[in-house]
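Peer 1: Chain residues, written in single-letter form:
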Amino acid sequence: MAGVWILAEGLESGRELINIGQNLAKDIKSTLTVLTWQNDLSQELIAYGADEVLLLPELPDGQPLQAYIPVIVERTRLDQPEIFLFTATLLGKEIASRIAGQLGAGLGSECNGLRWIEEESALEMDRLFYGGAALQTVRCSKAPRMATISPRSFTPAARQEERTGNVIELPSPPASPVRVIERKARTQTAGDITVARVVVCVGRGFEKEADLDLARQLAKTLGGEIACTRPISQEMRWLPEDVCIGLSAKKVKPDLYIGLGISGQIQHLTGIRDARVIVAVNQDANAPIFAAADYGVTASLYDVVPRLLEALK
Amino acid sequence: MPDILSCYKWVVDEAYIRSGSGGALDLSMADYKISDYDKNAIEEAMLLSEKYHGSTAVITVGLPDDTKGVKDALSRGPEKAYFINDSSFADLDPEQTATLLAAAISTSISCDIIICGEGSSDLYAQQVGPRLAEKLGIPCLCYVQKVELDGSRLVAERKTDEGIEVVAVELPVLLTVVPDINTPRLPGLRDTLAAGKKPVVEFTADDLPPLNGAILKTTASKASSISRGGRIFGADAGGIGDLIQELKNSGVIA
Numbered sequence: 019m020a021g022v023w024i025l026a027e028g029l030e031s032g033r034e035l036i037n038i039g040q041n042l043a044k045d046i047k048s049t050l051t052v053l054t055w056q057n058d059l060s061q062e063l064i065a066y067g068a069d070e071v072l073l074l075p076e077l078p079d080g081q082p083l084q085a086y087i088p089v090i091v092e093r094t095r096l097d098q099p100e101i102f103l104f105t106a107t108l109l110g111k112e113i114a115s116r117i118a119g120q121l122g123a124g125l126g127s128e129c130n131g132l133r134w135i136e137e138e139s140a141l142e143m144d145r146l147f148y149g150g151a152a153l154q155t156v157r158c159s160k161a162p163r164m165a166t167i168s169p170r171s172f173t174p175a176a177r178q179e180e181r182t183g184n185v186i187e188l189p190s191p192p193a194s195p196v197r198v199i200e201r202k203a204r205t206q207t208a209g210d211i212t213v214a215r216v217v218v219c220v221g222r223g224f225e226k227e228a229d230l231d232l233a234r235q236l237a238k239t240l241g242g243e244i245a246c247t248r249p250i251s252q253e254m255r256w257l258p259e260d261v262c263i264g265l266s267a268k269k270v271k272p273d274l275y276i277g278l279g280i281s282g283q284i285q286h287l288t289g290i291r292d293a294r295v296i297v298a299v300n301q302d303a304n305a306p307i308f309a310a311a312d313y314g315v316t317a318s319l320y321d322v323v324p325r326l327l328e329a330l331k
Numbered sequence: 002m003p004d005i006l007s008c009y010k011w012v013v014d015e016a017y018i019r020s021g022s023g024g025a026l027d028l029s030m031a032d033y034k035i036s037d038y039d040k041n042a043i044e045e046a047m048l049l050s051e052k053y054h055g056s057t058a059v060i061t062v063g064l065p066d067d068t069k070g071v072k073d074a075l076s077r078g079p080e081k082a083y084f085i086n087d088s089s090f091a092d093l094d095p096e097q098t099a100t101l102l103a104a105a106i107s108t109s110i111s112c113d114i115i116i117c118g119e120g121s122s123d124l125y126a127q128q129v130g131p132r133l134a135e136k137l138g139i140p141c142l143c144y145v146q147k148v149e150l151d152g153s154r155l156v157a158e159r160k161t162d163e164g165i166e167v168v169a170v171e172l173p174v175l176l177t178v179v180p181d182i183n184t185p186r187l188p189g190l191r192d193t194l195a196a197g198k199k200p201v202v203e204f205t206a207d208d209l210p211p212l213n214g215a216i217l218k219t220t221a222s223k224a225s226s227i228s229r230g231g232r233i234f235g236a237d238a239g240g241i242g243d244l245i246q247e248l249k250n251s252g253v254i255a
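These protein sequence lines are chains A and B, in that order.
Residue 19 is where the first sequence starts when you use my numbering, and the numbers rise one by one after that.
Residue 2 is where the second sequence starts when you use my numbering, and the numbers rise one by one after that.
No lab work stands behind these hints, which were simulated from the structure alone.
Short derived list, chain B residues pointing at chain A, Cβ under 8 Å: (1) L124; (2) I165; (3) S222; (4) I227; (5) I241; (6) E247.
With beta-carbon atoms standing in for the labels, derived distance ranges: (7) A:E259 / B:Y17: 27 to 33 Å; (8) A:R222 / B:P211: 49 to 55 Å; (9) A:Y320 / B:L48: 36 to 42 Å; (10) B:D32 / A:P189: 47 to 53 Å; (11) A:W55 / B:A238: 52 to 58 Å; (12) B:V201 / A:D144: 34 to 40 Å.
Covered stretches of chain B, as calculated for chain A (at least 3 residues, CB under 8 Å): (13) 90-96; (14) 136-143.
Treat the numbers as computed from the prediction; the structure is a model and nothing was measured.
Backbone N, C-alpha and C define an ideal beta-carbon position, used for all residues, glycine too.
Generate the whole structure from the sequences, applying the supplied hints.
Peer 2: Okay, structure coming up:
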């Protein structure tokens, strides 16, 4: 089976790729094959829409996940899929680029739109560039047409009952020259801003670290999470990188985003463009964030936040 | 004594991008710069060579006019530059750029460590580094935030989706580095003057194998605008009350 391939790192991101992959498989009148190293997910992936699962065998201790690349490349050469999709995680972007490098294949990075162009047998992909200041549309008509997809850009596929499909185990990869000495999980010091319903984001308008309590109180009152712009995590180091919003950091899509003391650099705006409602508080009426916001208050956050808290009591 | 090569791209400074009529990208005001992330790549090469007494060079692919970028890169410390240029090398796709770099490096340049930025600040496709490693057949470590050398063994901390991985590998290796790895030095007047005297080795299209056409074709590019029309509320208690009522009406707060 060639058709459309996806690499599923996990069930949640895999379901998004399955949804896109199924639509493309219909367009090219072919099937959907899911590659994964998650043995226990094989049957689930079939239930969600995979016609076939190519299972990557468990790696020996000390081997990084990138060790799978040679096996995937070999199978891709053999089966010649038309389209090959990945999630744009750090791992997905690296694996996709390295596979594309070996195959000399075209790869669209961090796409947020994909469509099949029948006349040219091309995969057309939309993405952002220039730090989010511009949109680019690219086409690739040579197989395998590859793309990494921004997480949470598409609806996840729904589970269907009584689906069947084959699970084929791929051979073990050769040992990678890279050895993993240690893995340190990120200590989750804050809530996950990518799934929060309300995000209160702090920017340079805050004069000192202790003042972040204002934002914390507002987030707590609204049942949301606190986030920040790049200078706050990278330069001031007042908040962990986990909660930094931007093009090369986290992208959020809450129901409500409240930006406090944020000017609205395009890189930051790119990270919040999918929020349902954007509220901006900044004393500079010319701050670019006001154009991107649904509602704005042009005043110091030090005046506005206490009044918000009072009114929300 | 590692030979260290860092790669950079001479790019349009996105701060100068304007939205023209009908959302067209207006680059008429644009100035150029070394891609931000590549400044970290050059700086890391300098830090490693200072610590482990290695040599440093930079390499780039561009148009013959991009000599200002070569001088800028050399003013940041590297001893030598490799400048792959041809008037046909405009708007290359990542596969083409990686192919050109690999051809020049594999035939003419000795290096133990190649350092790239995590992506370019224009396209940010994040592909050239990893593609180059595969074409050269050397190990690749991406999103590196710390590097140490122990003889011919390199130990790196790289960012992963779950946290950090500490990994070890024998040289040669290609690294892509994240911005937090260092703070690039600012070249002074003396550095700029010295840069003009450093050797620059050029490769043109004639020196390299013929290049295939782009596999990725750009069919449209336009300015992105996020415009929601921002309705402004007063900062007094009345204005704040109205704002909260509006948020309640739209159902985003209870």
